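So the chains spell out like this:
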Amino acid sequence: MARKILCVAEKPAIARAVATHMSGGSFQTHSIRGNQYVKNYEFEFNFGAPWGNCPVTMTSVIGHLTGLEFERQYKGWQSCPPGSLFEAPVKEEVDKDKLPIAENIRNQARYSKALFIWTDCDREGEHIGMEVRTQARNGNSGIEVRRARFSNTERTHVLRAAREPITLDELQANAVAARIELDLRIGAAFTRLQTLQLQAVAEILKEKVISYGSCQFPTLGFVVDRYLRVQNFKPETFWGIKVMLQREGKKVNFLWKRAHLFDRAAVIMMLERCLMAKQAKVTKVNQKPKSKWRPLPLTTVDLQMMGSRFLRLDSQTIMKVAEALYTKGFISYPRTETDQFDKAIDLRKLVEKQYPDSRWGVYARELIDGKFKTPRSGPHNDKAHPPIHPVSWVNPSQLNENEKKVYEFVTRRFLACCSDDAKGQGTDIEIQYGEEMFHANGLIVLERNYLDVYVYDKWESSQELPKFERGELFEPTEANIFEGKTTAPSYLTEPELIGLMDANGIGTDATMAEHIAKIKEREYVVVNKRGSGRTKVEELIPTRLGIALVEGYDNVVTGLPNSISLSKPFLRKEMELRMLEICAGSKTRQEVVQQSLDMYREVFIHTQRRIAMLKAACRKYLVEQASS
Amino acid sequence: MASAEQIATQIQNTKSLNVSISWLNTFLSTSNSAQRNLPTSALIKTALFRVLASDFRESLSKSPSSTLPVDIFDPNVQERRIQGPIPVQVLDIEDIGKSLWSQVEAIERVERGEAIRGREVVRTIAVGEENEGTENGNGRASNQSSTNASGGSGGSGPHRLILQDAAGNKTVAIEMQSVEGISLEKLSIGAKMVLQNATVARGMVLLNPGSVTLLGGKIDALDRPWREDRKKRLLERISSLQAR
Chain A
125 MARKILCVAE KPAIARAVAT HMSGGSFQTH SIRGNQYVKN YEFEFNFGAP
175 WGNCPVTMTS VIGHLTGLEF ERQYKGWQSC PPGSLFEAPV KEEVDKDKLP
225 IAENIRNQAR YSKALFIWTD CDREGEHIGM EVRTQARNGN SGIEVRRARF
275 SNTERTHVLR AAREPITLDE LQANAVAARI ELDLRIGAAF TRLQTLQLQA
325 VAEILKEKVI SYGSCQFPTL GFVVDRYLRV QNFKPETFWG IKVMLQREGK
375 KVNFLWKRAH LFDRAAVIMM LERCLMAKQA KVTKVNQKPK SKWRPLPLTT
425 VDLQMMGSRF LRLDSQTIMK VAEALYTKGF ISYPRTETDQ FDKAIDLRKL
475 VEKQYPDSRW GVYARELIDG KFKTPRSGPH NDKAHPPIHP VSWVNPSQLN
525 ENEKKVYEFV TRRFLACCSD DAKGQGTDIE IQYGEEMFHA NGLIVLERNY
575 LDVYVYDKWE SSQELPKFER GELFEPTEAN IFEGKTTAPS YLTEPELIGL
625 MDANGIGTDA TMAEHIAKIK EREYVVVNKR GSGRTKVEEL IPTRLGIALV
675 EGYDNVVTGL PNSISLSKPF LRKEMELRML EICAGSKTRQ EVVQQSLDMY
725 REVFIHTQRR IAMLKAACRK YLVEQASS
Chain B
4 MASAEQIATQ IQNTKSLNVS ISWLNTFLST SNSAQRNLPT SALIKTALFR
54 VLASDFRESL SKSPSSTLPV DIFDPNVQER RIQGPIPVQV LDIEDIGKSL
104 WSQVEAIERV ERGEAIRGRE VVRTIAVGEE NEGTENGNGR ASNQSSTNAS
154 GGSGGSGPHR LILQDAAGNK TVAIEMQSVE GISLEKLSIG AKMVLQNATV
204 ARGMVLLNPG SVTLLGGKID ALDRPWREDR KKRLLERISS LQAR
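Chains as they are written, first to last, in this note's numbering: chain A, 125 to 752; chain B, 4 to 247.
Treat the hints as calculated values from the structure; they're not laboratory data.
Do not rely on the hints blindly, as some may be mistaken.
[Said to hold, decoys possible] Straight-line distance between alpha carbons at most 25 angstroms, and here's what the computed BS3-like set of lysine-lysine pairs gives:
id, chain 1, residue 1, chain 2, residue 2
1, B, K189, B, K221
2, A, K642, A, K330
3, B, K48, B, K18
4, A, K135, A, K529
5, B, K18, A, K358
6, B, K235, A, K358
7, A, K609, B, K18
8, B, K235, B, K18
9, B, K221, A, K609
10, A, K739, A, K642
11, A, K642, A, K609
12, A, K711, A, K697
Predicted model, so just to flag it, every value in this text is computed and none were measured.
If we strip away everything but chain A, and leave its shape as in the complex, we get (with noise of 0.2 angstroms):
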């Protein structure tokens, strides 16, 4: 009978990881036919109970098997309508270049009793992990299929889920299937329907695919709504009245209730009554303790957007780079949505291992000798893994330049997770003038604590305010009008669209990358660089193209009752609600693809029957606008 354990990973370098820790470093490598990236590593490892002391065979896929692709007469652009492709039967099958990876599961479940599925631990992984197993039970229909269950490749870690397998979760599975179909449904659909539609517009469109995202065009639409509200903006006049005091050799700066007002007059008349009164009264001296909290634990979306703010790295980029990073075990998993560390994780562990830093090596002993807090909990747990942590310590030479950089965010977040909030004494004091309520406010930063660590953050003493009592009269030195102006808002950055993404449910944060990456590929969207060294910012401009997609499909819907243009972010924000009814299992897949085939479907027929709206807005962009 088969003795062997197969073990399957999601990557080749998380096979190699894993199969140096569970062999202690002693394992024999051997290639695959028909792919030079997978390997087989073969060794022996004690499962403990019921396993035992097993051979073990380690490989690994390269992501996913199998694509989704319509069957043969439907695939030419030519070949049906595009409407046809929300029901044309679809297939299922192992990528050309996948065929000898799945060849070589087949043939090592031949021998093995038990396959132990090692993919990532998220959506994505469970359905790679379906996928194996399909392969395995191929190759050996009794096999006994086991998941392992981590999230760091850092080897304790690593061996505790080599010895406590769980099940694969197949409603996850089931929702990223469902995912994947409607992608290439609704995908499919609306890319034909435009391309074909709008090639004949303009001559820059003639040999160019126009394709569609339903993640991807909402994520255009932001870009194109900000870049639209920069151009329209007309900037107005507001006025304010600010207050002045000299005491004690310092000038204070006292701030309008108000803020401004768009009315001239009315301020004038507002700052006469003020004059009129002569006396300002203290109403309020409030000292209070302020305290400037210590980040939450962290997640791939704040990672994403503090990357790119502080680290001036793309988002995309952040992700490949923390994906080496957990890859080589220096970091956990950096695909997690949860803010809040499980109570079983020893984090003074894991401080410890920082000790010999050269940079913050001393602050980690600190936190240890008596420091330490346990880090706030943020309200999101994806119950599949920890906020991003460093695992284990590197030396900074051993790590390219955007390692050194992500590495060291990571693990300063970690620490002033770890650390106590910045404490300090705030004072507010309010004055009444006239019938005008003034404010000016002190802070005094008493105990930097967790800003010693995280150099990202600022929080600085105010100047000191002289002292006041409350009730007593003074009469201010100055009483003035200023005049400002409104201003535009900034293009779109980065970060803040990642920000909005999220807040309005597009993607999932292992996406969203990818997502913005691809409306800069299809030329929709262009980078431009403003500034330079540390005010350098990077802005999302749309192209012509990009405005007029979106005003485009913006038309088509003007005026229907109840539908939603394709360039909002409700339709896919339904979607991606819906899959997390499939993983908790209140829907089925079948019942979710056809609900947002429904929804999607309703919106194709509006655009079709309204075609000449988006081509209107592409002539007005790219023919006559070009051209003027």
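Place chain B on chain A using the hints.
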């Protein structure tokens, strides 16, 4: 059946409105028999409702003590007080705490259906919004920017109103302290209010909870076009500002 005089006295006593007897007689003669047979209190209620929906210039009698000084707009007068009570109706209301453009954007959001629950679009988020709080405060930065949705500094107001008395005199009024019921959504054009002991500074009546009593009501013929054309008016004012 109550007489016009009875109704007038009653409304004068409860609402400080000096309703014209001839207007009330017309009201009584045009009301149907069912209404005429109503108990007095109900009839008075109906009359009041009509008064609030009427144009004060037609429904109220004019006396110097119940109308605005004719030079009320004079910007040279630093401060004066009007005793009242002076009934007035609202001809216009504007939020001077928000830019015109942000109000246009807010109207467009509604036009796009984004005011419908579940269809809101979050357009602005504070990247790296700092977690700052007082000891017991809950200062967690939130990405849900409900304040940004209104496009202004949150809240609303103060408001600038144009008011008209029974004689047709108009005046500007400024909401110096927030008055319950004065907002673009809640206050209709043609709504009625009574000014009492109000300060007038540089030609502007200063409104606060003590100087004004809101009676409600609206003039349909004014309110509907005012709302329909609001965006157009805002845009016109913006372009006249830019032209300057």
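- Could you grab the alpha-carbon distance between K642(A) and K330(A) and see if it respects the 25 angstroms cut-off? Holds. K642(A) to K330(A) sits at ~20 angstroms (cutoff 25 angstroms).
- Do the alpha carbons of K18(B) and K358(A) lie within 25 angstroms of each other, as the hint requires? violated, 44 angstroms
- Hinted pair K221(B) and K609(A), Cα distance within 25 angstroms: Roughly 36 angstroms separates the two Cα atoms, so the pair is violated.
- Item | 25 angstroms limit on alpha-carbon distance, applied to hinted pair K739(A) and K642(A) | Holds, at roughly 23 angstroms.
- Taken at face value, is the distance from the CA of K358(A) to the CA of K235(B) at most 25 angstroms? Satisfied, since the Cα-Cα distance of roughly 15 angstroms is no more than 25 angstroms.
- Are the Cα positions of K48(B) and K18(B) separated by 25 angstroms at most? Holds - the C-alpha atoms of K18(B) and K48(B) are around 12 angstroms apart, at most 25 angstroms.
- Hint consistency between K189(B) and K221(B) [alpha-carbon to alpha-carbon, up to 25 angstroms]: holds, 11 angstroms
- Message: Hint check: K135(A) vs K529(A), CA-CA at most 25 angstroms. Holds or violated?
- Response: With Cα atoms ~24 angstroms apart, K135(A) and K529(A) stay inside 25 angstroms; holds.
- Task: For the pair supplied as a hint, K235(B) and K18(B), confirm whether the alpha-carbon distance does not exceed 25 angstroms.
- Result: violated, 36 angstroms
- Query: Straight-line Cα separation of K609(A) and K18(B) no greater than 25 angstroms?
  - Reply: violated, 44 angstroms
- Verify the proposed pairing of K711(A) with K697(A), using a straight-line Cα cut of 25 angstroms. holds, 16 angstroms
- Item | Holds or violated: K642(A) to K609(A), with C-alpha atoms at most 25 angstroms apart | The given pair, whose Cα atoms are some 37 angstroms apart, is violated under the 25 angstroms limit.
The structure fails to meet hints 5, 7, 8, 9 and 11 from the earlier list, while all remaining hints are met.
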